[in-house]
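Residue numbers (our numbering), protein chains in the order written: chain Z, 1 to 190; chain D, 1 to 721.
Bear in mind the hints are in silico, worked out from the structure with no lab data behind them.
Nothing here was measured: the structure is a model prediction, and the numbers come from that model.
Do not rely on the hints blindly, as some may be mistaken.
Okay, the calculated beta carbon distance ranges per label pair [stated by the list, open to error]: (1) D:ALA62 x Z:ASN72: 35 to 43 Å; (2) D:THR155 x Z:ASN72: 51 to 59 Å; (3) Z:LYS34 x D:ALA97: 51 to 59 Å; (4) Z:THR93 x D:ASP257: 28 to 36 Å; (5) D:ASP254 x Z:ASN174: 55 to 63 Å; (6) D:ILE301 x Z:LYS34: 57 to 65 Å; (7) D:ILE54 x Z:ASN174: 31 to 39 Å.
Glycine included, C-beta positions come from ideal geometry on N, C-alpha and C.
Spelled out, the chains give:
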Amino acid sequence: MYITISFKACLLLSIFLLFSINNSQADNFASAIKSVYIDTKDNNNSLVANIDYPLSDKAKEALQNGVPLFWNIYIKIHRPRNILWQKTLLETTVHYRLQYHALLNIYRVINENSRAINNFSTLSAALDLMSNFRDAHLLNQIDFEKEKQLVIEFKVEFDRNALPIPLRPIAFLNQQWYLSSDWTTWLWKK
Amino acid sequence: MALEKIKPSINFSVLSLFGLILLSLQLMSSATQESSELSRMYSWLLVVNAIGSIVLLWLVGANIYTLARQLKQREAGSKLTTRMVSLFVILALVPAAIVFYFSMQFLHQGIDSWFNVEIDRAMEDALELSQASLDQRTRWHLKKTQQIANSLESTSGPLLTQEVDRLRELSGATEITLFSKPGKIIVSSSINPGEILPSLPDEHIWLGLRQNSDYVALDPIHENELVIRAIVTIKKPEPLYLQALYPVPIRIADLVDSVEFAFLRYKEMGFLRHSLKLSFSLALTLVLLISLLAAIWIAFISIRSIIAPVKALVKGTKAVASGHYDEQLPVIAQDDLGFLVESFNEMTHRIAIARDETRKASVEVENQRAYLETILANLTAGVISFDADYKIRTANQAAYRIFRIPVNHFIGHTLIELSETTSELAEPLKLIQRLLVQSDDIWEQRIAFLGHNGRQELLCRGTPLFSQEGWRVGAVTVFDDVTDLIQAQKNAAWGEVARRLAHEIKNPLTPIQLSAERLQHKLANKLDSSDATILQRSTQTIVQQVEAMKEMVDDFSEYAKPSKKLSIAIDLSSLVQEVLALYTLKSEVKFNTYYENSLLVINGDPISIRQILHNLIKNALEAIEEKGTIDINLHRVQKNSTDFIEIAFYDDGPGIKEEQIEKIFEPYVTTKSKGTGLGLAIVKKILEEHGGAIWVDNSRKVGAGFIIQFPAYTLIHQKPK
Numbered sequence: 001m002y003i004t005i006s007f008k009a010c011l012l013l014s015i016f017l018l019f020s021i022n023n024s025q026a027d028n029f030a031s032a033i034k035s036v037y038i039d040t041k042d043n044n045n046s047l048v049a050n051i052d053y054p055l056s057d058k059a060k061e062a063l064q065n066g067v068p069l070f071w072n073i074y075i076k077i078h079r080p081r082n083i084l085w086q087k088t089l090l091e092t093t094v095h096y097r098l099q100y101h102a103l104l105n106i107y108r109v110i111n112e113n114s115r116a117i118n119n120f121s122t123l124s125a126a127l128d129l130m131s132n133f134r135d136a137h138l139l140n141q142i143d144f145e146k147e148k149q150l151v152i153e154f155k156v157e158f159d160r161n162a163l164p165i166p167l168r169p170i171a172f173l174n175q176q177w178y179l180s181s182d183w184t185t186w187l188w189k190k
Numbered sequence: 001m002a003l004e005k006i007k008p009s010i011n012f013s014v015l016s017l018f019g020l021i022l023l024s025l026q027l028m029s030s031a032t033q034e035s036s037e038l039s040r041m042y043s044w045l046l047v048v049n050a051i052g053s054i055v056l057l058w059l060v061g062a063n064i065y066t067l068a069r070q071l072k073q074r075e076a077g078s079k080l081t082t083r084m085v086s087l088f089v090i091l092a093l094v095p096a097a098i099v100f101y102f103s104m105q106f107l108h109q110g111i112d113s114w115f116n117v118e119i120d121r122a123m124e125d126a127l128e129l130s131q132a133s134l135d136q137r138t139r140w141h142l143k144k145t146q147q148i149a150n151s152l153e154s155t156s157g158p159l160l161t162q163e164v165d166r167l168r169e170l171s172g173a174t175e176i177t178l179f180s181k182p183g184k185i186i187v188s189s190s191i192n193p194g195e196i197l198p199s200l201p202d203e204h205i206w207l208g209l210r211q212n213s214d215y216v217a218l219d220p221i222h223e224n225e226l227v228i229r230a231i232v233t234i235k236k237p238e239p240l241y242l243q244a245l246y247p248v249p250i251r252i253a254d255l256v257d258s259v260e261f262a263f264l265r266y267k268e269m270g271f272l273r274h275s276l277k278l279s280f281s282l283a284l285t286l287v288l289l290i291s292l293l294a295a296i297w298i299a300f301i302s303i304r305s306i307i308a309p310v311k312a313l314v315k316g317t318k319a320v321a322s323g324h325y326d327e328q329l330p331v332i333a334q335d336d337l338g339f340l341v342e343s344f345n346e347m348t349h350r351i352a353i354a355r356d357e358t359r360k361a362s363v364e365v366e367n368q369r370a371y372l373e374t375i376l377a378n379l380t381a382g383v384i385s386f387d388a389d390y391k392i393r394t395a396n397q398a399a400y401r402i403f404r405i406p407v408n409h410f411i412g413h414t415l416i417e418l419s420e421t422t423s424e425l426a427e428p429l430k431l432i433q434r435l436l437v438q439s440d441d442i443w444e445q446r447i448a449f450l451g452h453n454g455r456q457e458l459l460c461r462g463t464p465l466f467s468q469e470g471w472r473v474g475a476v477t478v479f480d481d482v483t484d485l486i487q488a489q490k491n492a493a494w495g496e497v498a499r500r501l502a503h504e505i506k507n508p509l510t511p512i513q514l515s516a517e518r519l520q521h522k523l524a525n526k527l528d529s530s531d532a533t534i535l536q537r538s539t540q541t542i543v544q545q546v547e548a549m550k551e552m553v554d555d556f557s558e559y560a561k562p563s564k565k566l567s568i569a570i571d572l573s574s575l576v577q578e579v580l581a582l583y584t585l586k587s588e589v590k591f592n593t594y595y596e597n598s599l600l601v602i603n604g605d606p607i608s609i610r611q612i613l614h615n616l617i618k619n620a621l622e623a624i625e626e627k628g629t630i631d632i633n634l635h636r637v638q639k640n641s642t643d644f645i646e647i648a649f650y651d652d653g654p655g656i657k658e659e660q661i662e663k664i665f666e667p668y669v670t671t672k673s674k675g676t677g678l679g680l681a682i683v684k685k686i687l688e689e690h691g692g693a694i695w696v697d698n699s700r701k702v703g704a705g706f707i708i709q710f711p712a713y714t715l716i717h718q719k720p721k
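Isolated chain Z (complex conformation):
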């Protein structure tokens, strides 16, 4: 009886430890959303987010070897209501691609939505562009005159399904490819 209990306890402890290790490893390389707000300067409303992309060595190695990396930024903006459920004003996804060009030795960031291309001679410069997310057109459909307070949900997802097929099973098993952030919620008040 005691042996059985101790065995069960060990098993549970092992599972817990495994999850803890996995989570801690995942946290090391997961994108982190530092801040999200709406910049209303000069009557020009822009959604601004500060994101941290701590790329793992595996991801850097893949990028360096010509594997393009894809991120999806999910944005949801709701109007909070007291009695009814909150109303969704905006729900969109922005796709980013980061790619290395060996000929020119540059890193190219492409906004797949706007087709805007930015080239950088260093990876950190390319990641800096992605980190400082700013979009003035996304909020055009929201009438800020009416809104007093908004709830912004923000998530950065690394698209593992866009990786080359041979790399995908490994990307799902290796923690170095867990580069997505969790959903974060931010409150904006006028």
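Following the hints, put chain D in place on chain Z, whose structure we already have.
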């Protein structure tokens, strides 16, 4: 019935699951093509296939577990199923493993063969060549830009715009722009007049220009378009910056792009080399695993359906072996096994019919045997049968009753062995055994022995038994206790003697007595006193003896005549009291009587019963010489579900010797000096005529005891008088 309904749905589920797994594998195969729409679902398809293989593994595991349990419980058909499944698994696994091993080898070697040092070097060189080519071109364009800058050093004012246009056209540049400082455009000329705003260098370029006076680089302006951007400083008191954009020829751009694409593709492949091997190995393993597991699972289902009739046959055979001949098996298919099952059903049907007939016959035989046994058991004659070795085979109840030995317990033993258990019967049993062995024909012998009820006489007949072939297979002996019969014959003979004696002797006695009395009467006065006295004495003696003889003759006639003249209910307690009242005057005799407080009534002739009581009381009085105690007890007893009334007479006289007990009830047997010896014989005779019995009871150590027993009066008879 319910199982049959479920079966098609099970088959459908099996086929559906198998189809789904195959579809999933096919989709996964399609998804490996990068261009395929399914490419994005590759991971999910991989997961679905992995789940499918786990489901199959579980199904196979469940089947193996069930089979192992059936093997442990030694269920019918489990061993055959194990053999067939094992054979199938070996047959499927070995070639699959060989194919898998070599496929893996070829796959890994094939992937490895894509890469080698020469190709690596060639790709690197191709890229370097492209870079060198572009680099040469950029440097040449830089030099050209410097020449333009030199020519513009002396130009200023309104001519500057025209000069710039001219130089742009001359140099082949697409755009030339003159900046006074970062972001401040002085003059700009473009091949495309529609573009109002020229291409501006970014902050990094301006930063570089501050450190170095010139800047040249290839700039990708669109995704697949390159331009050479050259910026030089025009040395003036207020320095100016000349930017010229030169297009890269399309042919060169395409070639460079192609080289870069090939290089990156090759590098990516190199990077994915191990992932590729792992991915292909995983897919191949998954396909093999799913195929094998599905095949094993289907093998289980198929073998089970093949084995089902065999299993049913084994079960049916076991049922038949344990005596259930009504077992009928379902015919599942019209194949060889179905034919076998049908034959089995036919066989069991016939066996069942034969069994029923045999059972009926054996029941009849058993009934006959039971009937014979009942007859034998109820025979008054004892019957013992013997086998060829003269060992007892059967013995009926009467044998026990006669011998008082449980002969049934000696089945398989000889009579010699039986005789060792009883000393009284040793000689007769040995004699019977000897007669059985020696006689080849029917024999008959009277055998006397001292039994439980005294001397008993058996009339014994024996017959040897022969088989149809003439072999001696045993013997049977029948014996009957003829003691009572002989006794009855004796009694009848004695009765006849007594009747004749009474008839022959009684007639002359009266004349003798009358003659003697007449002699006395006539001669008494004529003789002298002495002679007269002699005469007197003689005639008196004659008269007395004649009287005595008359009494004796009366006794004889009493003994000879039937006593049961009437048959009425008699209250024995009243009758005993009446009779005793005649003897209570004898002061020196004490009568102790005990009457049970119940109805002590019998059916009989009161005079005869009274005579019995007188005889026994007289007998007791004579035994105690009319001085002592006589105990008389009356009570009801039950023997063999029949009620009897018992009267016990006990005196404190000298008692009866053991050797006299045997013959004390026979006529002319007496222990007294006087008496005819007919008293107890008459008592016995009357009692027997009334269905009763008498025996000596010597359980009391003092005196003699007689117990008489009458069948009790039952209520169906008339009420007592």
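Tested hints:
A C-beta distance of roughly 42 Å is found between ALA62 of chain D and ASN72 of chain Z, which places it inside the suggested range of 35 to 43 Å. With their beta carbons about 54 Å apart, THR155 of chain D and ASN72 of chain Z fall inside the hinted range of 51 to 59 Å. For LYS34 of chain Z paired with ALA97 of chain D, a C-beta distance near 54 Å keeps the hint of 51 to 59 Å intact. A hinted range of 28 to 36 Å for the beta carbons of THR93 of chain Z and ASP257 of chain D is consistent with their spacing of about 30 Å.
The beta-carbon spacing between ASP254 of chain D and ASN174 of chain Z, approximately 37 Å, falls outside the hinted interval of 55 to 63 Å. The beta-carbon spacing between ILE301 of chain D and LYS34 of chain Z, approximately 59 Å, falls within the hinted interval of 57 to 65 Å. Remark: the range hint 31 to 39 Å for ILE54 of chain D to ASN174 of chain Z is contradicted by a beta-carbon distance near 22 Å.
Hint violations for this structure: numbers 5, 7, all remaining hints satisfied.
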